[in-house]
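Engineer: Oh and the sequence shown: position 7 is 7 in the numbering used here, straight run, nothing missing.
Worth flagging that the hints you see were computed from the coordinates, not collected in a lab. Glycine residues also receive a C-beta, built at the ideal position from the N, C-alpha and C atoms.
Listed below are the simulated EDC-like cross-link pairs for lysine to aspartate or glutamate, each with C-alpha atoms no more than 16 Å apart in a straight line:
1. K57 / E30
2. K57 / E146
3. K57 / E32
4. K57 / D34
Label pairs and their computed distance ranges (CB to CB):
5. F156 / Q26: 19 to 29 Å
6. W3 / A47: 45 to 55 Å
7. T68 / W3: 45 to 55 Å
8. N98 / Q26: 23 to 33 Å
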Amino acid sequence: MIWRLFLLLFVSWVLGFMWFAVTLPQPLSEQETDAVIVPTGGAGRIAHGLQILDQGKARLVLVTGVDTDVRPAEFAEEFNVSMDQMQCCVVLGFEAMNTRGNAVETADWVARNKIRSLRLVTSDWHMRRAASELRRQLPTNIRIVEDAVATEPSLFTLFLEYNKLLASWLSRFVPV
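Whole structure, please, built from the sequences with the hints as guidance.
Structural biologist: This is the structure:
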């Protein structure tokens with residue numbers, strides 16, 4: 001009997017992994033939101049978030065999970081952002097250390113800035129977990145638009161991220 005349960009769990013895991021790997025979230029085109037949220041960690045994320053700001057599709061950008069050694073002037077130089085734009089529209093968040101921390105930092109910032117809609121910009125393989133953690137932290141009246149940055153993740157990256165997503169989902173059922 002126990003081996004049947006194990007087999008059922010294993011087959012479910014394999015089918016779930018196949019779904020996860022084959023149906024990665026896609027980039028988004030025309031959507032306006034109050035803000036763009038960009039968790040650090042993947043190539044192309046920050047540039048895409050700043051491009052949305054430049055196109056006028058959002059008025060603010062929060063880059064969450066920035067290393068504490070990064071200074072705004074260094075960030076501005078690396079990503080070709082004017083200091084005027086840094087002062088008015090780009091916020092660097094230094095509190096988060098991981099995806100759950102990104103969600104907590106974002107929720108605090110959203111509440112302080114009265115944001116009603118946001119666009120989450122992260123890698124395609126990271127989107128499901130990042131969006132799930134964010135939805136867990138934000139009030140239900142905040143509209144979240146998912147805008148994935150297309151990547152070519154390795155099988156190992158997909159394997160790790162799928163298992164992190166499962167762990168994140170399962171953690172909702174474990175009392176803290």
